[in-house]
Amino acid sequence: MSIFEYNGSALIAMVGKNCFAIASDRRLGVQLQTIATDFQRIYKIHDRLFLGLSGLATDAQTLYQRLVFRHKLYQLREERDMKPETFASLVSAVLYEKRFGPYFCQPVIAGLGEEDKPFICTMDSIGAKELAKDFVVAGTASESLYGACEAMFKPDMEAEELFETISQALLSSVDRDCLSGWGGHVYVITPTEVKERILKGRMD
Amino acid sequence: MECVFGMVGEGFAVVAADTSAVHSILVHKSNEDKIMVLDSHKLIAASGEPGDRVQFTEYIQKNVALYQFRNGIPLTTAAAANFTRGELATALRKNPYSVNILLAGYDKETGPSLYYIDYIATLHKVDKGAFGYGSYFSLSTMDRHYHSRMSVEEAIDLVDKCIIEIRSRLVVAPPNFVIKIVDKDGAREYAWRETVKDADVAAA
Numbered sequence: 001m002s003i004f005e006y007n008g009s010a011l012i013a014m015v016g017k018n019c020f021a022i023a024s025d026r027r028l029g030v031q032l033q034t035i036a037t038d039f040q041r042i043y044k045i046h047d048r049l050f051l052g053l054s055g056l057a058t059d060a061q062t063l064y065q066r067l068v069f070r071h072k073l074y075q076l077r078e079e080r081d082m083k084p085e086t087f088a089s090l091v092s093a094v095l096y097e098k099r100f101g102p103y104f105c106q107p108v109i110a111g112l113g114e115e116d117k118p119f120i121c122t123m124d125s126i127g128a129k130e131l132a133k134d135f136v137v138a139g140t141a142s143e144s145l146y147g148a149c150e151a152m153f154k155p156d157m158e159a160e161e162l163f164e165t166i167s168q169a170l171l172s173s174v175d176r177d178c179l180s181g182w183g184g185h186v187y188v189i190t191p192t193e194v195k196e197r198i199l200k201g202r203m204d
Numbered sequence: 001m002e003c004v005f006g007m008v009g010e011g012f013a014v015v016a017a018d019t020s021a022v023h024s025i026l027v028h029k030s031n032e033d034k035i036m037v038l039d040s041h042k043l044i045a046a047s048g049e050p051g052d053r054v055q056f057t058e059y060i061q062k063n064v065a066l067y068q069f070r071n072g073i074p075l076t077t078a079a080a081a082n083f084t085r086g087e088l089a090t091a092l093r094k095n096p097y098s099v100n101i102l103l104a105g106y107d108k109e110t111g112p113s114l115y116y117i118d119y120i121a122t123l124h125k126v127d128k129g130a131f132g133y134g135s136y137f138s139l140s141t142m143d144r145h146y147h148s149r150m151s152v153e154e155a156i157d158l159v160d161k162c163i164i165e166i167r168s169r170l171v172v173a174p175p176n177f178v179i180k181i182v183d184k185d186g187a188r189e190y191a192w193r194e195t196v197k198d199a200d201v202a203a204a
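Protein chains in written order, with the UniProt record's numbering: chain A, 1 to 204; chain B, 1 to 204.
Don't take every hint at face value.
[What the hints assert, rightly or not] Quick list of in silico lysine to any residue cross-link-like pairs, SDA-like style, CA-CA up to 20 Å:
1) 125(B) x 37(A)
2) 29(B) x 179(B)
3) 125(B) x 94(A)
Bear in mind the hints are in silico, worked out from the structure with no lab data behind them.
All figures in this text were calculated on a predicted structure; none of them were measured in a lab.
Extracted from the complex, chain B is given alone in its bound form (with noise of 0.2 Å):
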């Protein structure tokens, strides 16, 4: 049920994730972000088993940061993609992590990319990609009005077709999303479309 789809426009590239946390038919939390900031200019957007997910992201999140203090320049997405797939295959057949992730990021040269990585370490650098049962709907949505070179404005009118498209089709649709963007000036979030807020813990 977790819904994770991303994009490339001009300049940047955007993932979106729900932010339900899940256990069989009990939702934990309704804010979790699924998206890590990988370092200054790359996000990591995964869905799959939890444990493994978080663990999983941490791992690569502090060997990339160990490669830029090894030596003193950050990796290239390409670079942090195929390190993530190679994590990824050599763990396939001893055991395995179920986690599937669109690692988007923007390098100087290069600019904005995105790449596909799915849990069996199939890595694919793509201009839209999404995940989970959500991606029915919000692969279909892109493929109709996703054209190269976007705006800022239309791809997060696009982000948010899907996210209204997930929410009426999909059965037990999830009431948030967090959306994040990494361009020339860093990844960072960008808004949170909520139809649900979590309670106030009270205080003690």
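Isolated chain A (complex conformation) (with noise of 0.2 Å):
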């Protein structure tokens, strides 16, 4: 089994009108057992800017670690909070440091940026960045992520409709994965509001 399926995770991020959802499930693992059911993926950077880690858990809190402390000095100095793509910069770079004893995890940044345009973007376990317009999506169960979220998306939706489909490509995806599930985390962000839903789908 590959060290970035030791826990098991799904993460998907989305774009709507002026809004963006990202949501993940909740199991942690350790290989075939389940240690919990209400691991928590998905990180508040600012009110504007999630960040969503999966791949191997210990990894993924290092780096949380690591990122938060970053943005931290980053608003002492700067006086304000990062921009969505200057963070997706910063977690690339941060990842490249580890080129060639890497953090096994997969980033998915979502934030609004200027003029409340919606920004997401994935990365790979070294820091290649991927910008999407639509969706973008990591863990064990991306393959499946992937078809549920092309058949499923929509441009331009709005708060309540982005959250069902988020949602039902969610549970459908972790549904025909093993290492993840267990129920859902979903954040929707809007300019004025960020509200965060728990899904209950198959608990197994």
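Build the complex: two chains, separate frames, hints provided.
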């Protein structure tokens, strides 16, 4: 089993009309054994920027701590929050620093940029950025997630419809992957509010 | 073959560990205490490589004591857990410790808590956790019978159910277990569950 599949994970980020959604599964496993069903994969960097980390849980925790540290320093120096594009470049740089001994994580970054324009991107474990206009996926269920998102996505969805679409795409994909699932965690972010919801899917 | 498990109840946390010190096919001793009292209100139940287990847990214990000397107040359970994870994570890519840890503690403000920290420094706060081959039996037994806010009697009853399960179903089941508990009155040994007593050392 690959090191990326040791803990199991599933992540999606989707773009809507002046909003975005980011969703993850909730399982923490050790290969075939499930340890917890309330594991947090999506972290808030600031009110308009969210980071999801799939892959090896220990590296996801270490990477999150390092990135929050860098962002807090940035906030102290610049007296403002980081733009999503800037943060994506920071994550890419932090990952490439460990090019020959990498963090076994695949991050998904989603945020609202200038003029409330949603921004999403993902990258591989050594920081190769992949920008997208519609959706990005990561984790052990990524192949299923690509298929489900491609089928269900439409451009310029409003927040409620975006929530429905991303939830259905997540749940249907993790049901085909034994290493991810046990519910879902969905954040829908608009310029005015952040809505966090827990999904109940197949608990197995 | 080392079995460690624990759970959180109403105002307390309980951990149990087997007490066999094994080297290949030889049992050196069957009264090895693998649950260290970290400070007045914290317990570390550790399993893994024997040398690493003792070295690492003593290192954590001394550092937790140092913090208390320097700052005049003890660390919270969450802080101790995060410190432990940090040490494991730093060592992970240099010379890793092969130690799995269940850290149980009681804080006046937040009550009892249990932290699952595996050998690659994955940290997660849990209500019930287990390591080793015994986890296949104890986790399922706890999933069936555990509910939040159990009394001490109910929790010890569940611990005993797990021990019976391990003894009857694990091929090289450890004969003896130690149970320790932490609550508002502190961390202390609760009971031993022995089926094999070491022979007394004859007087010289």
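Right, here's what the structure says about each hint:
1. 125(B) x 37(A): Since the Cα atoms of residue 125(B) and residue 37(A) sit roughly 11 Å apart, the hinted pair holds (cutoff 20 Å).
2. 29(B) x 179(B): 17 Å, holds
3. 125(B) x 94(A): 27 Å, violated
Violated hint for the displayed structure: number 3, the only one.
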